[in-house]
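The opening residue of the sequence shown carries number 1027 in our numbering; numbering runs sequentially from there.
It should be emphasised that the hints constitute simulated quantities derived from the structure, not laboratory data.
Don't be surprised by glycine CBs; every beta carbon is placed ideally from N, CA and C.
Where hints are given, some of them may not hold.
Simulated pairs of lysine to aspartate or glutamate, DMTMM-like, Cα-Cα distance not exceeding 20 angstroms [unchecked claim]: (1) 1075 <-> 1086; (2) 1291 <-> 1217; (3) 1219 <-> 1204; (4) 1075 <-> 1163; (5) 1075 <-> 1057; (6) 1075 <-> 1047; (7) 1219 <-> 1181; (8) 1219 <-> 1176; (9) 1075 <-> 1106; (10) 1075 <-> 1169; (11) 1291 <-> 1210; (12) 1219 <-> 1182; (13) 1075 <-> 1160; (14) 1075 <-> 1147; (15) 1219 <-> 1288; (16) 1075 <-> 1039; (17) 1219 <-> 1126; (18) 1075 <-> 1092; (19) 1291 <-> 1192; (20) 1075 <-> 1089; (21) 1075 <-> 1162; (22) 1219 <-> 1128; (23) 1075 <-> 1046.
The following label-pair restraints were derived from C-beta to C-beta distances [said to hold, decoys possible]: (24) 1162 <-> 1100: 23 to 29 angstroms; (25) 1220 <-> 1084: 19 to 25 angstroms; (26) 1233 <-> 1203: 30 to 36 angstroms; (27) 1085 <-> 1273: 50 to 56 angstroms; (28) 1228 <-> 1273: 22 to 28 angstroms; (29) 1248 <-> 1053: 47 to 53 angstroms; (30) 1265 <-> 1161: 37 to 43 angstroms; (31) 1249 <-> 1294: 32 to 38 angstroms; (32) 1042 <-> 1256: 31 to 37 angstroms; (33) 1160 <-> 1069: 18 to 24 angstroms; (34) 1180 <-> 1265: 28 to 34 angstroms; (35) 1220 <-> 1266: 22 to 28 angstroms; (36) 1160 <-> 1248: 40 to 46 angstroms; (37) 1198 <-> 1176: 25 to 31 angstroms.
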Amino acid sequence: MPPRRVVTGRSQEPRRRFAEELRLLRRQRGESLRQLGQALGWDPSLFGKMENGQTIGGPEVAEALDQHYGTPGLLLTLWELAVGDPTQFKERYRRYMTLEQEAVSLWHYAAANLHGLLQTEGYARELLTAGGLEGEELTRQVEARIGRREVLTGDDAPQLRTILSEAALRTPLGDANEWRQQLEHLVSMGERKNVVIQVLLQTAGLHALTNTDTMFLRGADGCTVAWVETGYSGELVQETASVERLQHAYDAVRDLALSPADSRKFIIQTLEEAPCDPST
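Build out the structure end to end from the sequences listed, making use of the hints.
This is the structure in structure tokens:
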């Protein structure tokens, strides 16, 4: 098959294309970054970072720019494509990210950390910082992780069931307020019709998934694959017998977990017990 012909000469990568369009529209308008910031009420440095590809900002910024430039829906659409661009993730995770976006249902077990789809920005930043990221790369990866949450809020959002080990809920962030925000976010997400959250108490003892984060992804074709991950590596499991063995282990863990209603009470209790930052 011959390579696709590029008509415009612009990038075919969503994040780069978004940045290019922003630069082009501003220059066509003859505005400086400072003038743009004054017109829209945001710090000019934000638009500079967006045009340089360091960040894609939020949907409210894209909508404001659409209105400013008279391009209804164009920049917001490009922003949505940039959020879902798999090239923003580390190469070893890109296949998983594509499957996550296409899945019709997701079943997850959290051994130690909350899943990325349920993380707040503060949680994601502290976790990724602990993993060694810093500077612009840290900013990009936090943004990419938070952008993934759109998967659960769209019109065709998949069903998500996550079983959280008690350890994941007993390991707070360094910033007490950020930790409270994360717990509040879990309570809020648990109210969504497409999200079920269960808690596995430590008293349940050892089990087959004790040290392994596991996600099952079922596609529209009915096929299910699994992603298993430790703190340092991840593996996509596609062989049917292996996936079934993992599913049996997951079912056994679910049998040990609190009901969704009792899990909600447990998370709320954890939130009530969480310390507040005395400076606020």
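Comparing the hints with the structure gives:
1. 1075 <-> 1086: 16 angstroms, holds
2. 1291 <-> 1217: This hinted pair holds, its Cα atoms lying about 12 angstroms apart.
3. 1219 <-> 1204: 25 angstroms, violated
4. 1075 <-> 1163: 13 angstroms, holds
5. 1075 <-> 1057: 16 angstroms, holds
6. 1075 <-> 1047: OK: residue 1075 and residue 1047 at ~13 angstroms, within 20 angstroms.
7. 1219 <-> 1181: 12 angstroms, holds
8. 1219 <-> 1176: Answer holds: residue 1219 to residue 1176 is near 15 angstroms, not above 20 angstroms.
9. 1075 <-> 1106: 17 angstroms, holds
10. 1075 <-> 1169: Judged against 20 angstroms, a Cα distance of about 13 angstroms means the pair holds.
11. 1291 <-> 1210: Distance ~12 angstroms between residue 1291 and residue 1210 Cα, so the pair holds.
12. 1219 <-> 1182: The hint holds at about 12 angstroms.
13. 1075 <-> 1160: Within the cut-off at roughly 16 angstroms; holds.
14. 1075 <-> 1147: 18 angstroms, holds
15. 1219 <-> 1288: This hinted pair holds, its Cα atoms lying about 17 angstroms apart.
16. 1075 <-> 1039: Status holds; Cα separation ~17 angstroms.
17. 1219 <-> 1126: 18 angstroms, holds
18. 1075 <-> 1092: 18 angstroms, holds
19. 1291 <-> 1192: 13 angstroms, holds
20. 1075 <-> 1089: 17 angstroms, holds
21. 1075 <-> 1162: Roughly 10 angstroms separates the two Cα atoms, so the pair holds.
22. 1219 <-> 1128: Status holds; Cα separation ~19 angstroms.
23. 1075 <-> 1046: 12 angstroms, holds
24. 1162 <-> 1100: 23 to 29 angstroms: 26 angstroms, holds
25. 1220 <-> 1084: 19 to 25 angstroms: 22 angstroms, holds
26. 1233 <-> 1203: 30 to 36 angstroms: Holds, at about 33 angstroms.
27. 1085 <-> 1273: 50 to 56 angstroms: 36 angstroms, violated
28. 1228 <-> 1273: 22 to 28 angstroms: Between residue 1228 and residue 1273, where Cβ atoms are some 24 angstroms apart, the hint holds.
29. 1248 <-> 1053: 47 to 53 angstroms: 49 angstroms, holds
30. 1265 <-> 1161: 37 to 43 angstroms: The hinted range 37 to 43 angstroms holds for residue 1265 and residue 1161, with Cβ atoms some 39 angstroms apart.
31. 1249 <-> 1294: 32 to 38 angstroms: The hinted range 32 to 38 angstroms holds for residue 1249 and residue 1294, with Cβ atoms some 37 angstroms apart.
32. 1042 <-> 1256: 31 to 37 angstroms: About 32 angstroms separates the Cβ atoms of residue 1042 and residue 1256, which means 31 to 37 angstroms holds.
33. 1160 <-> 1069: 18 to 24 angstroms: 22 angstroms, holds
34. 1180 <-> 1265: 28 to 34 angstroms: 30 angstroms, holds
35. 1220 <-> 1266: 22 to 28 angstroms: 26 angstroms Cβ-Cβ, so the 22 to 28 angstroms window holds.
36. 1160 <-> 1248: 40 to 46 angstroms: Holds - the Cβ-Cβ distance for residue 1160 and residue 1248, about 42 angstroms, lies within 40 to 46 angstroms.
37. 1198 <-> 1176: 25 to 31 angstroms: 27 angstroms, holds
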